[in-house]
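Trainee: The listed protein sequences derive, respectively, from chains A and B. All the letters of the first sequence, read from the start, carry residue numbers 1 to 111 under the working numbering. All the letters of the second sequence, read from the start, carry residue numbers 1 to 112 under the working numbering.
Just to be clear, a hint being listed does not mean it is correct.
[Stated by the list, open to error] Taking lysine to any residue and the SDA-like style, the derived pairs with C-alpha atoms no more than 20 Å apart in a straight line are:
{"#": "1", "chain 1": "A", "residue 1": "K42", "chain 2": "B", "residue 2": "P18"}
{"#": "2", "chain 1": "A", "residue 1": "K42", "chain 2": "B", "residue 2": "E22"}
{"#": "3", "chain 1": "A", "residue 1": "K42", "chain 2": "B", "residue 2": "G87"}
{"#": "4", "chain 1": "B", "residue 1": "K80", "chain 2": "B", "residue 2": "N63"}
{"#": "5", "chain 1": "A", "residue 1": "K42", "chain 2": "B", "residue 2": "G100"}
Derived by calculation from the structure, the hints in this document are not laboratory data. Every value quoted in this text rests on a predicted model; they were computed, and no experiment measured them.
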Amino acid sequence: GESVGLHLPTLSVQEGDNSIINCAYSNSASDYFIWYKQESGKGPQFIIDIRSNMDKRQGQRVTVLLNKTVKHLSLQIAATQPGDSAVYFCAEILGANNLFFGTGTRLTVIP
Amino acid sequence: SQTIHQWPATLVQPVGSPLSLECTVEGTSNPNLYWYRQAAGRGLQLLFYSVGIGQISSEVPQNLSASRPQDRQFILSSKKLLLSDSGFYLCAWSEAVGYGYTFGSGTRLTVV
Numbered sequence: 001g002e003s004v005g006l007h008l009p010t011l012s013v014q015e016g017d018n019s020i021i022n023c024a025y026s027n028s029a030s031d032y033f034i035w036y037k038q039e040s041g042k043g044p045q046f047i048i049d050i051r052s053n054m055d056k057r058q059g060q061r062v063t064v065l066l067n068k069t070v071k072h073l074s075l076q077i078a079a080t081q082p083g084d085s086a087v088y089f090c091a092e093i094l095g096a097n098n099l100f101f102g103t104g105t106r107l108t109v110i111p
Numbered sequence: 001s002q003t004i005h006q007w008p009a010t011l012v013q014p015v016g017s018p019l020s021l022e023c024t025v026e027g028t029s030n031p032n033l034y035w036y037r038q039a040a041g042r043g044l045q046l047l048f049y050s051v052g053i054g055q056i057s058s059e060v061p062q063n064l065s066a067s068r069p070q071d072r073q074f075i076l077s078s079k080k081l082l083l084s085d086s087g088f089y090l091c092a093w094s095e096a097v098g099y100g101y102t103f104g105s106g107t108r109l110t111v112v
């Protein structure tokens, strides 16, 4: 099957700093990507999405960048807060009714 | 607004016992429904998806089955649980392909 992977399994940042979480995908035909945040013992929570006809999309304190040339996706979190500590997954929508997740990056915010 | 409910939150079952996890969606009609499993420290694995009542597609061979008896109800079952069935099970829904998926709160299943 297709693979969606994350470069770093863990990331620690100081409170107030910006965080960047990276993700690589393998299928150049994928046209929709989602970032999820998952806190311990809870289901994934939608953060932001982006379609392949865009390079950048901004939300509240979050920005997703898509580089189709190198099949790379990143999530930027501005002014990281303790409540941002969680595991972050990128997901790739591929074909009909399938969502491929990477294994996730654990973000730890240091007060 | 749409909401998704999944229960129970945690479950401890002996090997060989049956399983029934239920998921319901409110506030929408004819949603696409999904069951995912997440092993510890791993990503999500799609188990089943359904695009309509009685329509179930299985992604991986396994000890589990799924059913959709009503439009907004999705059930994950097993006749006899195995130790390897332990994990975190997530139900999700989407309006259609290419739209965001919304997840339930998950069920932590431990088979002992």
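Trainee: Evaluate each hint against the coordinates.
Mentor: Each hint tested on the structure:
{"no.": "1", "hint": "A:K42 x B:P18", "in the structure": "violated, 24 Å"}
{"no.": "2", "hint": "A:K42 x B:E22", "in the structure": "holds, 16 Å"}
{"no.": "3", "hint": "A:K42 x B:G87", "in the structure": "holds, 13 Å"}
{"no.": "4", "hint": "B:K80 x B:N63", "in the structure": "holds, 8 Å"}
{"no.": "5", "hint": "A:K42 x B:G100", "in the structure": "holds, 18 Å"}
Hint violations for this structure: number 1 only, all remaining hints satisfied.
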